[in-house]
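Enquirer: Protein chains in written order, with this note's numbering: chain A, 1 to 362; chain B, 1 to 76; chain C, 1 to 335.
For the record, the hints were derived by calculation from the structure and aren't laboratory data.
We treat Cβ as the ideally placed atom computed from N, Cα and C, and that holds for glycine.
You may find that some hints are simply not true.
Claimed, not checked - Derived coverage of chain A by chain B (criterion: at least 3 residues anywhere in the stretch with Cβ under 8 Å from a Cβ of chain B; other residues may be distant):
#, stretch
1, 6-20
2, 110-121
3, 140-153
4, 195-204
5, 272-286
Said to hold, decoys possible - Over the 10 Å line for every Cβ pair with chain A, so calculated as not near, a few chain B residues:
#, residue
6, Gly4
7, Leu10
8, Arg11
9, Val12
10, Leu13
11, Gly15
12, Glu16
13, Glu43
14, Glu44
15, Gly45
16, Leu71
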Amino acid sequence: MRYVDEFRDPAAAGRLADRIRATVTRPWTLMEVCGGQTHAIVRFGIDRLLPEGVSLLHGPGCPVCVTPVGIIDQALALAARPGITLCSFGDMLRVPGTSGDLIAARTVGADVRVVWSPLDALAVARASPERQVVFFAVGFETTAPAVAMAVHRAAAEGLENLSFLVAHVLVPPALAAIAGARPRAVDGFLAAGHVCAIMGVDEYRPLAERYRVPIVVTGFEPLDLLQGMLQCLQQLEGGRAEVENAFARTARDDGNAAARAMIERVFEVVPRAWRGLGTLPDSGLGLRPAYAHLDAVERFDLAGIQGREDPRCRAGDVLQGQLLPTDCPEFDRACSPDRPLGAPMVSAEGACAAWHRFRRHT
Amino acid sequence: MCLGIPGQILRVLPGEDPLMRMGVVSFGGVEKEVCLAYVPEAEEGDWVVVHAGFAIARVDEAEAARTLSLLDEAGA
Amino acid sequence: MKRIQMAHGGGGRLMQQLLREHVAAVFGEPVMHHDGAVLVGAMADGELVMTTDASVVTPLFFPGGDLGKLAVYGAVNDLAVTGARPVALSLALVLEEGLPLETLDRLLASVKAAADEVGVSVVTGDTKVVERGGCDRIYAATTGIGRRLPGVRIDARRVREGDRVLLSGDIGRHGVAVLSAREGLSFGGAVESDCAPLWGPALDLLTAVPSAPFLRDCTRGGVAAVLHELARAAGVSVSVEEASVPVSEPVRGACAILGLDPMSLACEGRFLAVVPPAHVDAALAALSEHSQCPGAAVVGTIGAADPGGAVWLTTAFGQERPLDYPSGEHLPRIC
């Protein structure tokens, strides 16, 4: 597959690993913020190509993992109501709420449909005017433009039977929370390539400056990841703290203007609760007043729903890079992909899931 | 996040509203209808990165070639 | 449009009419008169093998196949991988009230065509009708009887460390073809189901390598599931080279955009075989004659005894990691 396979060439990966080895003179800790990068690192064994002194911590870059239990419970409450069709990305179906998940809800008759795109939820709503359709909108800035388009069209068409359960989160506040933590565990960051394709590389310059930390915008294939790590380590060795773009074929300095314009039109920045990080101000997206009539929390009166996390779940520590999944006492005991205690074990991009799938033998 | 896969625009579908601009994108021979509203500059034959049914960026092919040749050179 | 009514399953006049006009018209008059068929001369030589298969698929007609084909090939392929030449099939149908008769006719014609292709007869069957909502349009169950080839010694306990693992062709096409026709995920293009009869290739492989200890067709759960079945049945670890597993470009593309793993996607015309290393070339040569074995390849090796039956995947980067037993569900994802 073009623009994928070339960036998986093992020989080139070996050469990059050699260059990293030649660059590093002391221990460094890097963090990738994107769950897709976590998955790729563990799946391809990129971390095992790195020299001893370079540690990788996995960050809170999995939007499924950081969605608080309370929002899952809101989705479950909607799914349980007759007359409601809940449309969701497949990623959310097995995330545990306080009790049960959407798959279990489906077995007792809930109408839960997996969609690939928010536009599919529009199609479902148009095809079933007698039902109330709710789209479960999870994701970082990469996904927000797709949802924004669906919201905008729903409003423009005057669709009365579609609404959105919005749980979008923004990367920079999470990165800031980790970079600003004392003691700071992370020396340098790999920023999420697709998020930057939307929001632009420039958005990270104030963060690099404020926290004096190198941030390299990085892609998802093995060569992208190794190149991003190399550049980050070169900066650290050279005492620099700048934003660099190692994913220039897809991410530009100013990102995607049309996508940002639509996000801006439909959403406003709001405080958002993050599993593990608590509530961060200005860290989420919510519907603007002009679109508030499409908000499922309002329409179905869900605001009172609070979730209760399983106390054994250490998702918060894992998401901040403070605990390796394999060091969690419940890893592969009470917690596994078939019986997850929390989201990071069930999301395809969750650190716990990645370690369970690819590394539990180590 | 996020699964963003490069695919090639096979054809742009006719339509007037730029917000509804749709195209058929091929991923190794599998074809899917994708919304092209966020890549207004992309045309038939261009490569785009697709996420959740939307093209979110055009692949800068010259930049990709440059990156690959640098990766080839390094250590060669 | 004519549809199935409850009375079509009632054992009375309407049912006789259904059988005569739709079932016997396809399979011949004798099918109507027996619930059990005597297989004359079946005990003369070779062991009799029996298998059964239930076929349920949505949509009923998908690129490259339909329920009818699956019903026949499912039973035939189960027989083939035990080294048995298919001799006869039975066909039981559960029909939902409201099913268009035209749909039934199309599927029965497909069953007949598939059976003829393999050279096997549908010799007996049964039909039931349930009320609307009682089943999803139509379910089929096929039981197959076959006669085992002399000299075949398929037995997982004969698998030895160092034996090689072969795949008869590229994987995941059926899973992608079915997904591609599902509402909400529809995509067009190049992927047809790989559903195909495997008796021909299995016969040739077993003729070339009579000592082959293990054959199994990959169905639900894909190659990953069969690898685990092999490992557990044989009590060994199995190691697979990711780069050797044949996957067609369109299947890779579909898996990429949906976030699925081709190793756990269903096939309906592929099998995995274990052969001693000295016979690998002969095995591959035997398979290469068959159009349902595109890209047949050696994909791995049997490891040491391991009662837990671990399956390992070596990545293109030379890293070894466990290959999981698929959960059985495929959830397209965006993350």
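Enquirer: With reference to the structure, classify each hint as holding or not holding.
Expert: Results for each hint:
1. 6-20: This one holds; 8 residues, not fewer than the three required, reach chain B with a Cβ under 8 Å.
2. 110-121: holds (count 5)
3. 140-153: holds (count 8)
4. 195-204: holds (count 3)
5. 272-286: violated (count 0)
6. Gly4: Gly4(B) not clear of chain A: closest Cβ-Cβ about 5 Å, inside 10 Å.
7. Leu10: holds, 14 Å
8. Arg11: holds, 18 Å
9. Val12: holds, 16 Å
10. Leu13: Holds: least Cβ distance 13 Å, greater than 10 Å.
11. Gly15: At roughly 13 Å from the nearest Cβ of chain A, Gly15(B) sits farther out than 10 Å, so the non-interface label holds.
12. Glu16: Per Cβ check, Glu16(B) is outside 10 Å of chain A; nearest 14 Å; holds.
13. Glu43: Per Cβ check, Glu43(B) is outside 10 Å of chain A; nearest 15 Å; holds.
14. Glu44: holds, 16 Å
15. Gly45: holds, 13 Å
16. Leu71: It is violated; Leu71(B) is separated from chain A by about 5 Å at its closest Cβ, not greater than 10 Å.
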